Amino acid sequence: MPQLAGPTDPAADARWPDVKPRKGFFTDTSICIGCKACEVACKEWNHNPRDGDLKLLGSSYDNTGALGASTWRHVAFVEQKSDRIEEARATGRALIDLGMPGMGPPTLADRAPAEAMLPDTPEFRWLISSDVCKHCTHAGCLDVCPTGALFRTEFGTVVVQADVCNGCGTCVAGCPFGVVERRTDGTAAPKTKRGERKGEQPEVPNLGVAQKCTLCYDRLIDDQTPACAKTCPTTSIKFGDRAEMVALAQERVAALHAQGRTEARLYGANEQDGVGGTGSVFLLLDEPEVYGLPPDPRVPTADLPRMYRRAGLAVAGMAAAALFSFIGGRS
Amino acid sequence: MTTSEYDSVRPPEPPDLSRWGRRRRRRARSGGGDGAREMPLVPEADFTSYYDRPVVKPAPWGWDVAAYLFLGGVAGGSAVLGAGGQLTGRATLRRNCRLAALASVSLGAIALVRDLGRPERFVNMLRVIKLTSPMSLGSWILSAFSAGAAVAAAAEVDRITGERLPLGPLRPVLRIAEGPAGLEAAALGPELAVYTAVLLADTSTPTWNHAHDELPFVFVSSASLAAAGLAMITTPVAEAAPARKLAVLGVIGDLVATGVMHRRMDPVAAEPLHQGRPGTLLRLSQGLAVAGGIGTVLGGRRRPVAAAAGLALMAASALTRFGIYEAGIRSAKDPRYTIEPQKRRLAARRAAGITDDSITTAG
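Protein chains in written order, with our numbering: chain A, 27 to 357; chain B, -6 to 356.
For the record, the hints were derived by calculation from the structure and aren't laboratory data. The structure presented is a predicted model; accordingly, all values stated were derived computationally and were not measured. The beta carbon of each residue, even a glycine, is placed where N, CA and C say it ideally should be. Among the clues, some could well be false.
[Said to hold, decoys possible] Only part of the chain A face toward chain B is listed, based on derived beta-carbon distances under 8 Å: (1) Asp39; (2) Asp169; (3) Gly195; (4) Tyr243; (5) Ile247; (6) Ala280; (7) Pro314; (8) Pro320; (9) Ala345; (10) Ala347.
[Said to hold, decoys possible] Cross-link-like lysine to any residue pairs, in silico, SDA-like; alpha carbons within 20 Å at most: (11) A:Lys81 to B:Tyr44; (12) B:Lys326 to A:Gly91; (13) B:Lys123 to A:Ile247; (14) B:Lys123 to A:Trp42; (15) A:Lys107 to B:Thr41; (16) B:Lys123 to A:Pro331; (17) B:Lys123 to A:Tyr334; (18) B:Lys326 to A:Gly84; (19) B:Lys123 to A:Arg332; (20) B:Lys336 to A:Thr117; (21) A:Lys264 to A:Pro47; (22) B:Lys123 to A:Gly84; (23) B:Lys123 to A:Arg41; (24) A:Lys256 to A:Ala63; (25) B:Lys123 to A:Arg110; (26) B:Lys336 to A:Arg110; (27) B:Lys336 to A:Arg119; (28) B:Lys326 to A:Ser85; (29) B:Lys123 to A:Phe177; (30) B:Lys336 to A:Pro47; (31) B:Lys123 to A:Arg76; (32) B:Lys123 to A:Asp39; (33) B:Lys123 to A:Ala40; (34) B:Lys336 to B:Lys123; (35) A:Lys46 to A:Ala328; (36) B:Lys123 to A:Leu30; (37) B:Lys326 to A:Gln298; (38) B:Lys326 to A:Tyr334; (39) A:Lys107 to B:Lys123.
Just chain A, same shape as in the assembly:
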């Protein structure tokens, strides 16, 4: 059985004979401009169909909604007023005060920042973040997949083999981040209202099977950058060796702290966390749940040995009850 929790090199743990350096993203949300070029590039490269009907969701500029079977990059938009900015700054400062041990160079934020120097507009801000599959060190989706359709690549990423998956849907419930989804063509009900499905749509590939970001496995094999990172005009999405990405992220968060922007924090860079660190590391400017990310995800399989022990006890209990029913006293 592979390692279920804690720090590890996932590709080596999956017993790849020729382990490549682990690849990952560093998504720096502080320089994202919300152009959604990543969403478009991803859809084009991966031939992902349209996700449902075109709708305005009433959530700032986000009309994509969430990651899903046909949406592997999702740009989140959050509008905040000064009280929320203050709160974010305070939670970030509390995080720094915890004194995370051994996580990169000491930050400069200990120096009391001059509030007047803060570069942000004080009364309003936009949080914009391009979300993607986390390619966890311990991936909940991969662990629970019964067919072996989900597998760990030599780059340490997690990919679905669409021709093997039988659409059981266990991975959907297994993912702590709500990333992977079973693809439907969105035509379960006939569209009668005019304009609901605009224009002729091409046939939907890989119907009924789980689909998610592959970190452009096909491009990685050819030493290419994934489509989203390649197209990002502000380098908000960076791609490279995961170790390099984490170092870059730590440098960047230290720089922001030095500017007094204590709201900056990293998400997924800690390999001691509940999923053993993520392949996709993020720099966030508020608590993770503000962006729709779980605040303390834990891969469910980490507790599987305990669950099996409890199940074993329950089996023994049922057998004992049956035994007692047949050989116990008269009834």
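Could you slot chain B onto chain A? The hints should help.
Structure of chain B alone, referenced to chain A:
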């Protein structure tokens, strides 16, 4: 809250149609903005989420998976009772339980295949043996159980029909194999009943995951009382004494395990088990289990009472499974059940001085 002097002449607000018992979160930015009703000027203080959208995704399963949870339990329990009948010379109990095991496991398997996104690829379930995947282990348990249950039931069908199955020279083989096959199915019966509990618990669906310590006990108890209930319906009281005892033990186990589960779970993650439709189903299930148990103890030796009690027990088990299934799906659809327990456990770890295992770090 009065916002205008004309509010007094408005017709009364329609009652809250949502079947959730808890207060609805109201967001200034979502809903009610058409001016049709009075809106609070200040949104209720609450946890933060991204536009109230779920963090995790619910399993894309339909009611057939909930039905399988029930049918798998009935099958597993029936095989155990059938083997008991086989070993203690209760021929009718053995026959009825073997037939019940095959019928319920077949229906259950059909429900499972129906629920797949690509049903034609169901055989891929047996492509690998994967210890980290309860569904993989469960598929193997289900297959091995079905093989044993089928052989044992085939022997019974052959006997009932006066050896009319077209078996030819295989009939003596079936006669030899039926005993071991019945025992093999019985050996896997409890595993068949319990693996679904691990399967649900080993997900990021908050209510299922937080119940991981007690769910196996709830499921085996529910399976025992359902299978015993079915045997009490099908089998004359003279041979059904073990079923009656198993039914009572199952009810006791069900009540205790469910009680412990509710008490030990994170209160927020346990909420869907108490509220709305799943809450109603689970309360009804408890009532029926108690009624069935009492009926078994007091009138189990009279056939009509035994049958009625058996029916109540089966209904109780089905309601338990549908209730727990639906509670989990609801918990995944509401970000509150993901975010609040996670924030609380993170804060608890930090308060205990563990500060190195957060996914959010300052550097």
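Status of the Pro314 of chain A interface restraint (C-beta, 8 Å, chain B): Where the cut-off is 8 Å and the nearest Cβ of chain B is about 6 Å from Pro314 of chain A, the hint holds.
Distance restraint between Lys123 of chain B and Ala40 of chain A, which requires alpha-carbon spacing of 20 Å or less: holds (13 Å)
Given hint Gln298 of chain A paired with Lys326 of chain B - CA-CA distance at most 20 Å: violated (28 Å)
Cut-off 8 Å, beta-carbon criterion: hint that Asp169 of chain A touches chain B: holds (4 Å)
Given hint Phe177 of chain A paired with Lys123 of chain B - CA-CA distance at most 20 Å: The given pair, whose Cα atoms are some 12 Å apart, holds under the 20 Å limit.
Restraint check for Lys326 of chain B with Gly84 of chain A, where alpha carbons must lie at most 20 Å apart: Holds, at about 19 Å.
Given hint Thr117 of chain A paired with Lys336 of chain B - CA-CA distance at most 20 Å: Between Lys336 of chain B and Thr117 of chain A the Cα gap is close to 13 Å, so the pair holds against 20 Å.
Pair hint outcome, Lys123 of chain B versus Arg110 of chain A [Cα-Cα no greater than 20 Å]: At roughly 46 Å apart (the allowed maximum being 20 Å), Arg110 of chain A and Lys123 of chain B break the hint.
Proposed proximity, Tyr334 of chain A with Lys326 of chain B (alpha carbon, max 20 Å): Violated: Lys326 of chain B and Tyr334 of chain A sit about 27 Å apart, past 20 Å.
Distance restraint between Lys123 of chain B and Leu30 of chain A, which requires alpha-carbon spacing of 20 Å or less: Holds. Lys123 of chain B to Leu30 of chain A sits at ~13 Å (cutoff 20 Å).
Hint consistency between Lys123 of chain B and Arg332 of chain A [alpha-carbon to alpha-carbon, up to 20 Å]: OK: Lys123 of chain B and Arg332 of chain A at ~17 Å, within 20 Å.
Agreement of Lys336 of chain B and Pro47 of chain A with the hint, judged by alpha carbon distance not exceeding 20 Å: Since the Cα atoms of Lys336 of chain B and Pro47 of chain A sit roughly 33 Å apart, the hinted pair is violated (cutoff 20 Å).
In summary, the structure is inconsistent with hints 1, 4, 5, 13, 22, 25, 30, 31, 34, 35, 37, 38, 39 from the numbered list given earlier, while agreeing with the others.
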